[in-house]
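Engineer: If you're matching them up, the sequences are chains W and B in order. Just remember that our numbering sits 2 ahead of the position in the first sequence, which is counted from 1. Just remember that our numbering sits 629 ahead of the position in the second sequence, which is counted from 1.
Please keep in mind that the hints were generated in silico from the structure rather than gathered at the bench. Worth double-checking, as some hints may not be accurate.
PhoX-like cross-link-like pairs, simulated, lysine-lysine; straight-line CA separation at most 25 Å [as the list claims (entries may be wrong)]:
1. B:K1031 / B:K653
2. B:K1039 / W:K326
3. B:K910 / B:K934
4. W:K240 / B:K781
5. W:K58 / W:K307
6. W:K240 / B:K819
7. B:K653 / W:K365
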Amino acid sequence: MKKITAIIAAGSLMLGLSLNINAQNALHKHYYSIEKLERETSWLTSANAAGLVFNKADNFSTIGAYYNGESGDLRGYNTPKTYNVYGIETKSYIKRNKVFFFGKFGYEYGVREDQKWLGTIYPGSNINVITDSIGGKVLRENYTLGAKIGYQLTDKLAIGIGFDYLTSTAAKRKDGRNANTMSNHSFTPGVIYSFGDFRLGLNALYTHRAEDVSYSYLGDVTGKYLVYFNGGLWMYTKNGLTTTTITDRVYYKDIFGGGLQFEFDNGEFGFHNDLKVGYLKENNYEGGNKTKRYAILDGLSYDYKGVVSAKGETFNHFVNLTFKSEELFSYDVVNNYEQVPGEGNSWAYFEYGKVMRYSQVEKQFGFEYQGYLKRCDFDYSAVFTAGVTGTLVEKRFKIYPAKYDQDYQRYEFYAQAAKSFCLGNKDRIEFSAGVAQVTADGTMLRTFHALTDGVLSMNTSLLKQDFLFNTLGQFKWNAGVKYQNAIGKSGKSFTAAAKYTNVKAIDEADIQLPSSLYNGKTRNYFQVSVSYNF
Amino acid sequence: MKKFHIIIAILLTFSLTGCMESIKSDDFEESAISAVVNVAVSIPDGYEYSIAGLTVKLSDPSTGLTYNGVTNTQGVATVRVPFGTYTASTEMKKVAAGGTLYIFNGTTGKIRMSPKDAKEATVDLPLNVSKSGQIIIKEFYFGGCYDVVTAKSYSKDIYFILYNNSSEVAYLDSLCFGVAAPYNANTSGKLSGWVKPGTSELLEAAPLITFGWMFPGTGKDNPLLPGEQAVISLNAIDHTTAVSASVNLGKTGYWAAYNSVTTRGQTAPNAGVKLCENFWKNGSATSFVISTSSPALFIFSLGGKTPAQFITDTYTDDPSSASTINDCLLVDKNLVLDGVECLRNITDTKRLRPEIDNGFTMIDGSGQGQSVHRVIDVAATANAGGRVVYMDTNNSSNDFVKISPVSLKK
């Protein structure tokens, strides 16, 4: 009992711990990075926290700062013209006897310019949102906190638990100015059973997310700013603003699920499988005090990751397989404003069931090969990556007797190479470059018995722009440099990295939009980071 | 063997996807997203007109969706609609022997069709009968215009125009006007307190709120010739001197709803503007309030009573509040000569009964320099030898259109 108490107390101080137990391995620890650790042991990125017990590396921590910037006219309907993100983060993988810890903490500050059509903090996080069409500056802050603990209970059995917490706020600085507050937390307890070269894992997952949004106007609203309510596939209603217009929304999302892992690893050959399944339920309310539930979202998601590995003296080979499926179903809640029974002058909304309006199915698959030319474990002189990802999307909106369908497919082929050079005895400098090509196709809209009246309309301008952006051919290239400076003999190091990516539109579907919308347009991404590793 | 394990894992994952889509496919079936409404139309006793072939419109104020059906020989229209709360309405015009034009129209109370209700419902739609009016509301300008200097909307130039739509001389003497409660139409299908208890049906009267105005005269002092109009405003001055986009309401012969004591918050009218009498006022307001977004204006007579007697007979407490500030005079529907229901959104709730206005009209919003104006009845105008006759079906959805600039600006 005392031992367990001590372990838990140590776990709460994980961000400050730095235990340099294996001094004789300090030399190769100079070349550690979080990415390399997680590459070597697939269990580290699993939701099953018990997988921490398979971490072969020494204790490792990193603390650093980063900047990500993007700009350019090749952007989606709700992508800002420029987006600058500044952040600090720290991560640690620590072990002590049979107890393994992982911890992370991060703070991020983001500035979006000319942001429109975004009523949530993160794009795509909700279907039935309240948005506006006026571009403005949006400031965003978020804090992330995460921890995992794994314990080797016996030689065959390991248990673990993970916790993640994210809190975000965002505020737009121009009418209609929305202020958003969001918090998200998840718990993932898990267990792994090992038998010979095989390992079988099982974990549960619960996630809760709550987001409040409130629109306000400081200027004169007469007949000017309209608030748009989206119902999927660009169906919307809008209101002229008055003192009685309700412009607050609350979105609650719960995900119940779990994961199943299966691995074979004999040291030379490995096949790691990780399947996550989650059932989603979301309730959308109107008004800060949730006077009316206007929409419900049901969903089911699958996320499969498979890693086939072959490790040799000089070469490590990895084949990464991914498959994701997300099915979302949006329901309109049938509300009736009625007098409250037994109360003379009190009225409220009463629910009378729900009717499905919109469904969205998105599937992604990926096949990737990675080859590592080794100097030693955790130190590579060259890396080569090539792969393909595919995305298939189907959307459907139905309100009797009208039906609207859309589907598109998008494929990205890419290759990336990185070469590391020695500088002196211990320092490294790495240069990387990559290219990618995107090709896509689809059907923008099939219509049956289209609606001709009512407040519910389709925003055909956004429909076309969004479809065009999703089916645009693109060419991407990137170049990067990373410098790693070993400090002393205790395994500490300093890392600085920079990367530039350019994306260019290379063709445009003929769907009757202004031809200059995306033709020849580009977007630039710049990433800089520094970190101290120990 | 290892390769076999890899293939099995991938195939298993692919086979699991799409499960929920299959399960949910029934939720998209027609029977799961819609229901059937049978509307049985009936005509008042004493009238022998056929009700077959009438277009019955079902409209949902929360979505603005409308669905139409046509009555069969039994007067029943069958319509399939998506779930929601609807009102059914219909109308027809008949000319009787002697030339009297009868307008039959009617609107049901709310018909709730939801997943928890029966898949098919039958409702009755009894028609009301009224006659086409002599004096009608020709134009209503309530949203104001845009003042470029202040960059805000300017709404002191509200006016409406009454028009003699008949071939006989009409008299404004003792004609009354005002707006119905609530000032702004309730939103999202909410009801006001002025409904029949326990129902969503409007009372058999129009609730006049705060101010009651009357044209002066002893009976024939203020004639309105066929095709002639009268302009009534709240601030009868030339507004164009302050706001170039506004109108001049201070012309000789125009009318003002103004009283130096009860509406001292309004601007005194120019010389030459005639004054309406304020026969009733409730509360502490110092201006005649007309909503700039969704007013319901109507004109009526006192039915031969004196103003004092009318007030005594019709004063009614606001059923939704203990305060007296929104108490109204309930003007019987048979005393209402004309009315126009203006909404800011088709999801707003109407305040005027079907016999007064079986529809609604809208402008784009305040500060737009728009008004609602009657549509010319082309056939009736031709028959009148060129005198303009306007549409009057007691349904502003048909009878009015939005115009800009307003008629006094042209």
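Engineer: Run every hint past the structure and note whether it holds.
Structural biologist: Comparing the hints with the structure gives:
1. For the given pair, K1031 (chain B) sits about 44 Å from K653 (chain B) by alpha-carbon distance, which is inconsistent with the 25 Å threshold.
2. Pair hint K1039 (chain B) plus K326 (chain W) does not hold up; C-alpha atoms about 63 Å apart against a cutoff of 25 Å.
3. A threshold of 25 Å between alpha carbons decides the hint, and for K910 (chain B) with K934 (chain B) the separation of about 17 Å falls inside it, so the pair holds.
4. With a C-alpha separation of about 22 Å, the suggested pairing of K240 (chain W) with K781 (chain B) holds against the 25 Å cut-off.
5. Only pairs whose Cα atoms come within 25 Å are accepted, and K58 (chain W) paired with K307 (chain W) is accepted, the gap being roughly 21 Å.
6. A C-alpha spacing of about 18 Å is found between K240 (chain W) and K819 (chain B), which places the hinted pair at or below 25 Å, so the restraint holds.
7. Proximity of K653 (chain B) to K365 (chain W) is assessed by CA-CA distance (about 17 Å); at most 25 Å being required, the pair is judged to hold.
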